[in-house]
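Chains as they are written, first to last, in the numbering used here: chain A, 3 to 116; chain B, 15 to 151.
Mixed in with the good hints there might be a few duds.
[Stated by the list, open to error] Here are a few chain A residues that sit away from chain B, every Cβ distance over 10 Å (derived from the structure):
hint	residue
1	Lys4
2	Asp13
3	Lys97
4	Ala110
[What the hints assert, rightly or not] The list that follows gives simulated cross-link-like pairs (lysine-lysine, BS3-like), each with its CA atoms no further than 25 Å apart:
hint	chain 1	residue 1	chain 2	residue 2
5	B	Lys51	A	Lys29
6	B	Lys127	A	Lys29
7	A	Lys28	B	Lys110
8	A	Lys76	B	Lys51
None of these hints come from the bench; they were simulated from the model. We put the CB at the ideal spot given by N, CA and C, even for glycine.
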Amino acid sequence: MKVKEIARLVDGEIVGAPVDETYEVKKAFASDLMSDVLRFHMDDTVLITGLCNNQTMRTSEMADLRVVLIGRDKQPDEDMLELAEDADITIIKSKYSIFKLSGILYAAGLEPLY
Amino acid sequence: MHYTFNIERGNFTDAGQASSSVKRTLKQLGVDPANIKRTVVALFEAEINAVAHAYGGTIDVDIDGEKIVMVVADQGPGIPNLDLAMQEGWSTASAKVREMGYGAGMGLPNIKKNTDDLKIDTEVGVGTTVTMTVYLI
Ligand SMILES: Nc1ncnc2c1ncn2[C@@H]1O[C@H](COP(=O)(O)OP(=O)(O)O)[C@@H](O)[C@H]1O
Ligand SMILES: [Mg+2]
Numbered sequence: 003m004k005v006k007e008i009a010r011l012v013d014g015e016i017v018g019a020p021v022d023e024t025y026e027v028k029k030a031f032a033s034d035l036m037s038d039v040l041r042f043h044m045d046d047t048v049l050i051t052g053l054c055n056n057q058t059m060r061t062s063e064m065a066d067l068r069v070v071l072i073g074r075d076k077q078p079d080e081d082m083l084e085l086a087e088d089a090d091i092t093i094i095k096s097k098y099s100i101f102k103l104s105g106i107l108y109a110a111g112l113e114p115l116y
Numbered sequence: 015m016h017y018t019f020n021i022e023r024g025n026f027t028d029a030g031q032a033s034s035s036v037k038r039t040l041k042q043l044g045v046d047p048a049n050i051k052r053t054v055v056a057l058f059e060a061e062i063n064a065v066a067h068a069y070g071g072t073i074d075v076d077i078d079g080e081k082i083v084m085v086v087a088d089q090g091p092g093i094p095n096l097d098l099a100m101q102e103g104w105s106t107a108s109a110k111v112r113e114m115g116y117g118a119g120m121g122l123p124n125i126k127k128n129t130d131d132l133k134i135d136t137e138v139g140v141g142t143t144v145t146m147t148v149y150l151i
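When you get a sec, could you build the whole thing from the sequences and use the hints?
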């Protein structure tokens, strides 16, 4: 699933690093626990999270994530957007809850990480 | 090559800067992605621990053709029971640390999993030194 398709499905707004139009997201993982994010292989995975701070970006960078979907209408600050751009991470922000985001993307065909 | 970084106590705005910088360097050196990932995940967890549980400290990274050695040293409170600390789920993290998305007690076990060699020297009231080695060949 393309990044812009995910953004469309969740009524999201794209910020952070520009979208890589060729990138195909295949899986999703939802967590607010950054140490859990660091325990798994995140290839072709979108992280769905309600944690919206610098550490979300740092963790995503270490985990080789390229797309992060931030729910619950949380607003990334300037610092966070800068980190996202530096680490080449596209952020999709959405007003929806994590449960709703997960449901929409699951129904649309994204696979669970496990 | 040798790199040194300082870690500041409780500074979650900048925490991870050293790991990020090491990641960039390893990419430039052409280290393969799987080894980069396990190296920086281990270093990042150790860096976060020094910020979250200790009073900051230093990171020393040595890279040669065959291995990466990372030493994260702090002058923190030390770890009273290392066996317990190494268990999945054990954590003494503060509310502030949990708000940042850490404190699940998965850091040390994940460091162990991602490195080829892990040595933790710790003394209560003195500090903790975590030495991690990743072999590239
Ligand atoms: N550098 C350190 N200084 C003091 N205590 C530490 C340090 N690193 C880890 N610990 C102790 O070990 C516990 C487990 O660490 P870890 O597995 O990384 O989980 P977490 O950081 O999520 O609590 C911590 O909660 C803390 O009590
Ligand atoms: Mg930890």
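Tested hints:
1. The non-interface label for Lys4 of chain A is consistent with chain B: the shortest C-beta to C-beta separation is roughly 23 Å, beyond 10 Å.
2. Interface exclusion of Asp13 of chain A from chain B stands, the closest Cβ pair being 25 Å apart, more than 10 Å.
3. Lys97 of chain A, annotated as away from the interface, keeps every beta carbon of chain B farther than 10 Å; the closest lies near 21 Å.
4. A cut-off of 10 Å between C-beta atoms confirms that Ala110 of chain A is not in contact with chain B; the least separation is 26 Å.
5. Annotation: proposed proximity of Lys51 of chain B to Lys29 of chain A holds, straight-line Cα distance about 19 Å (limit 25 Å).
6. Straight-line distance between C-alpha atoms of Lys127 of chain B and Lys29 of chain A comes to about 23 Å, which keeps the hinted pair within the 25 Å bound.
7. A distance of roughly 34 Å separates the Cα atoms of Lys28 of chain A and Lys110 of chain B; the hinted pair therefore is violated under the 25 Å criterion.
8. At most 25 Å may separate the alpha-carbon atoms for a hinted pair to count; Lys76 of chain A and Lys51 of chain B exceed this at roughly 28 Å.
Of the numbered hints given earlier, the model fails hints 7 and 8; all others are met.
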